[in-house]
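Participant: Given the sequences, and given the hints that come with them, work out the whole structure.
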Amino acid sequence: MIINPVNDEWLTSVLSALGGTPGEVAATLRAAGFSGGRGSGVRCPVALYVRAKAKERVPSASRVFVWSGSDAVSVRIAREDGEVLVRVTPPLAVSAFIEAFDSGGDYADLDDAGT
Numbered sequence: 015m016i017i018n019p020v021n022d023e024w025l026t027s028v029l030s031a032l033g034g035t036p037g038e039v040a041a042t043l044r045a046a047g048f049s050g051g052r053g054s055g056v057r058c059p060v061a062l063y064v065r066a067k068a069k070e071r072v073p074s075a076s077r078v079f080v081w082s083g084s085d086a087v088s089v090r091i092a093r094e095d096g097e098v099l100v101r102v103t104p105p106l107a108v109s110a111f112i113e114a115f116d117s118g119g120d121y122a123d124l125d126d127a128g129t
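Remember, my numbering sits 14 above the position in the sequence shown when you count from 1.
Because the hints were derived from the structure by calculation, they are not lab data.
Just so you know, even glycine gets a beta-carbon here, dropped at the ideal spot from N, CA and C.
Heads up, some of the hints might be wrong.
Restraint ranges, calculated between C-beta atoms of paired labels, are given here [to be verified]: (1) 123 to 93: 29 to 39 Å; (2) 31 to 83: 11 to 21 Å; (3) 47 to 71: 13 to 23 Å; (4) 35 to 97: 29 to 39 Å; (5) 83 to 35: 15 to 25 Å; (6) 123 to 96: 34 to 44 Å; (7) 119 to 93: 17 to 27 Å; (8) 123 to 97: 29 to 39 Å; (9) 56 to 22: 13 to 23 Å.
Facilitator: Structure below.
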């Protein structure tokens, strides 16, 4: 039996802690040192942040895959005792940040293209 420390409640809490506005989400990611690629559900700064939090939470994971989009954030964790998939609708602030970041107009400092 898999005892799963990563579930809907945990993922929603991690996403909510990013901030209440798109600007606060960007500031949290910036302060934590996360940047990423525009238009990439895997390389989005939100996905990279959630991946780091999941790896902290489940150090025994052999693989952690995170996909983020404005309509859903998914975490898939593989461990010796099985695989777990968690998918939630992100809070509005996170969704709006992802849309703004992916559109290319806002948060250019969080875009690591060319680095």
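Participant: Which of the numbered hints are not met once you compare them with the structure shown?
Facilitator: Of the numbered hints, just 7 does not hold.
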